[in-house]
Amino acid sequence: MTILPDIEIITEIIQRLSISIIFLILLIALARWQKIELEKMFIWSFTRGLVQIVIMALILVFIFTLTDIFLLVVVLLFMCFFAAYTIKQRFPYPRVFTIESIAITLGSFSIISIAVILEIIPLKGEYIIPMGGMVIANVMVMTGIVLERLISDVKKSQGYIEAALALGDSPWNSVKNVTKESYRAALIPTTNRVAVLGIVTIPGLMSGMIIGGTNPLLAAAYQIIIFLMILTSGFIGSIILVFFFIKELFTAEDQLNLLLLQKSRS
Amino acid sequence: MLELDKECPICLENVHYSFNIKNILSEVSVKIEAEGITGIVGPSGSGKTTLLKLINRLISPTIGRILFNGEDITTIPVKELRKNIGLVQQRPFLFPGTVKDNLLYGPNIWRINFSLEELYSILSRVALSPDFLDLNVENLSGGEQQRVSFGRTLANNPKILLLDEPTSSLDIISEEIFETTLRELAREQIKIIVVTHSLEQTKRLTDQLLFLKDGRLIEKTDSKTFFETYDENKIRKFFKPTSNGGEN
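Heads up: the protein sequence lines correspond to chains R and G, in order.
Quick note: the first sequence uses the working numbering, first residue 1, plus one each step.
Quick note: the second sequence uses the working numbering, first residue 1, plus one each step.
Hint data in this document are derived by calculation from the structure and do not stem from the laboratory.
Any given hint could turn out to be false.
[Stated by the list, open to error] Each pair of labels, with its calculated beta carbon distance range:
no.	chain 1	residue 1	chain 2	residue 2	range
1	G	K31	R	Q158	29 to 39 Å
2	G	T74	R	N192	41 to 51 Å
3	R	V194	G	I172	55 to 65 Å
4	G	I172	R	S152	33 to 43 Å
[Claimed, not checked] Part of the chain R face toward chain G, derived, beta carbon under 7 Å:
no.	residue
5	G159
6	A163
7	A166
8	G168
9	D169
10	E253
11	D254
12	Q255
[Unchecked claim] Derived DSS-like pairs: lysine-lysine, alpha-carbon spacing no greater than 27 Å straight-line:
no.	chain 1	residue 1	chain 2	residue 2
13	R	K88	R	K180
14	G	K83	R	K176
15	G	K79	R	K247
16	G	K22	R	K263
All of these numbers come straight from a predicted model, not from anything done at the bench.
Yeah, the Cβ is synthetic: ideal placement off N, Cα and C, and Gly gets one too.
Model the full structure from these sequences, guided by the hints.
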C-alpha cells in the first residue's frame with residue numbers, strides 16, 4: 001500500500017495549510033486582545049499537533065491493519081501516557097503525571113475493554129485505534145477540566161473547607177461539594193454535544209465512516225456508542241483523578257496544602 | 001466528659017509559624033488558663049487568626065509545639081482534637097442547606113443523635129428562635145449566619161471554643177446575648193478563647209488577655225489588672241487597628 005501521495009496532492013496540502021494559518025493568526029490576535037496569555041500555547045499546540053498528526057497519518061495505514069491485541073494495547077497505552085504528559089505540562093503539580101496516567105488509562109481501558117468483550121466494537125485496529133484515541137483524548141480533556149476546576153474551586157472555597165475540617169470532618173467530605181461541581185463542569189460540554197447531535201454537529205467519526213463507505217446508519221450507531229464511551233470513561237477517569245489528587249491537596253494532618261494552592265494561577 | 005488539665009490546658013512552647021519566608025508568628029510561648037474567657041488582642045496582621053488555626057491544627061507550627069491537656073497535639077488524632085477544640089471563623093462559611101443541616105453537621109460526623117429539644121437549645125443559646133431550624137441559610141442575614149456558625153460549633157460539644165471576632169457582624173442586642181452565652185459556657189467549664197478588636201467587649205467579657213503585635217506575644221495579663229493598671233490613653237493604644245497599635 002502506498003502511503004505518500006503524489007506531488008500534486010502534496011502541493012495542495014501545503015497550499016491549504018498555509019492559507020489556514022490565517023485562522024491561527026486570528027486566534028492569536030483574539031488572545032492578545034483579550035489578554036488571556038495563551039498565544040505561545042496555541043502556537044506550540046498546533047505545531048506539535050501538526051507534526052504528530054502527519055506522522056500518525058503516515059503510520060495509520062499500518063496501525064489499522066493490527067489485530068494483535070498486545071500491539072493494540074501498546075499503541076493505546078502510548079496514547080494514554082502521552083495524554084498524561086500533556087496534562088502534566090499544563091499543571092506542574094506533584095504526581096500529576098502519575099495520577100493522570102492512572103486516571104486516563106483506567107478510565108479509557110475499562111470502557112474500551114467492556115466494549116470489546118461485549119462485541120460492541122470489533123477487535124480490529126481500524127476500530128480500536130480511532131475510537132480508543134477519541135476516548136483517550138476526551139478523558140484527557142475531561143480530567144484536565146476536573147483538575148483545573150478542583151484546584152481553583154478548592155482555593156475559592158478555602159473557608160468552607162476549613163470550616164468542615166475544623167468540625168472534625170475528613171478532607172474527602174470537606175471537598176465533596178467542590179468535586180461535584182468539577183465533575184459537572186467536565187461532563188456537561190460533551191453531554192450538550194450529544195444533545196445537539198445531527199442537528200448542530202455532524203461528528204468526525206460518523207462523517208469519516210460515511211466517507212469511507214460505511215452504511216450511514218451503522219456510522220450513526222458508532223457515533224452514539226463513542227459518545228457513551230467518552231462520557232463513561234471520562235467520568236471514571238475523573239473520579240480516579242479526584243481520588244488520588246485529593247491526597248495532594250491535603251497534608252497527612254488533614255490540613256489544606258497551602259503551598260500547592262498558592263502555586264495555582266487560578 | 002473530658003476535663004481540662006489545670007497545669008496545661010493549652011500551652012504553646014516557642015511556636016513559630018512562617019509561610020513563604022514571611023514570619024507570621026514568632027517565639028510564642030504561653031500557657032492559657034483552663035478557666036474563664038481569654039481575649040486575644042492585637043492589630044490586623046498581628047497573627048491572631050493564625051494562632052487560633054494553630055490551636056485547632058488547621059495549620060502546623062514551623063517550629064515549636066502546642067500542648068492540649070499536657071499532650072503534644074500532634075500525638076492526638078486530628079479529628080478528635082478538632083472536635084474538642086472548636087473553631088468559629090470570622091466569616092460564617094455556612095454549608096448549603098438549612099440551619100438544621102448546619103447544626104447537625106458535626107453530630108453527623110460523629111454519628112451522635114440529636115433530639116429536636118437539643119437543637120432548639122442550641123438555637124436559643126445563639127439567640128435564634130426555633131422557627132429558624134428549617135430555613136435555608138441563604139435567606140439569613142449576616143448576623144444570623146454568624147450565629148448559626150457559632151451554634152454549629154457548639155453542637156460538637158467542644159471543651160475549648162476558639163472564636164475569631166464572633167460579634168463583628170452582630171447588632172448590639174445580638175452581641176449582648178452572644179456575650180451572655182459565652183459567659184454561661186465559661187461557667188460550664190468550657191474554655192473560651194476569643195479574638196476581638198473591641199475595647200468595650202474586652203472589658204466586659206474577658207478574664208485574661210494576650211496581646212500580639214507583629215506576630216509576637218507582647219503581653220499576657222489578667223483583664224482586671226490591665227484595665228486597672230493603665231490609663232485610658234495607653235489602653236486605647238493597645239486597641240489601635242494599625243500594626244503599630246500595641247506597646248512593647
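Against the structure, the hints:
Checked against the given bound of 29 to 39 Å, the beta carbons of K31(G) and Q158(R), roughly 31 Å apart, stay inside it. Range check, T74(G) to N192(R): Cβ separation about 49 Å, and the 41 to 51 Å hint holds. Under the hint 55 to 65 Å, the C-beta atoms of V194(R) and I172(G), about 57 Å apart, fit the expected range. Hint check: I172(G) to S152(R), Cβ distance near 39 Å, so the stated range 33 to 43 Å holds.
For G159(R), the shortest C-beta to C-beta distance to chain G is roughly 4 Å, which falls under 7 Å, so the interface hint holds. Nearest Cβ of chain G to the Cβ of A163(R): about 4 Å, under the 7 Å cut. The hint holds. About 4 Å separates the beta-carbon of A166(R) from the nearest beta-carbon of chain G, less than 7 Å, and the hint is met. Because the beta carbon of G168(R) sits about 4 Å from the nearest beta carbon in chain G, less than 7 Å, this interface hint is met.
The criterion of a C-beta within 7 Å of any C-beta in chain G is met by D169(R), whose closest approach is roughly 5 Å, and the hint holds. Contact between E253(R) and chain G, as hinted, is supported at the beta carbon level, the nearest pair being about 6 Å apart and thus within 7 Å. With its C-beta approaching chain G no nearer than about 5 Å, D254(R) sits inside the 7 Å limit, and its interface hint holds. For Q255(R), the shortest C-beta to C-beta distance to chain G is roughly 6 Å, which falls under 7 Å, so the interface hint holds.
This hinted pair checks out: K88(R) and K180(R) have alpha carbons roughly 23 Å apart, not beyond 27 Å. This hinted pair checks out: K83(G) and K176(R) have alpha carbons roughly 20 Å apart, not beyond 27 Å. For the hint linking K79(G) to K247(R), the alpha-carbon distance of about 17 Å falls within 27 Å, and the restraint holds. Between K22(G) and K263(R) the CA atoms are separated by roughly 16 Å; this keeps the pair inside 27 Å, and the hint holds.
Figure legend: structure checked against the earlier numbered hints; every hint is met.
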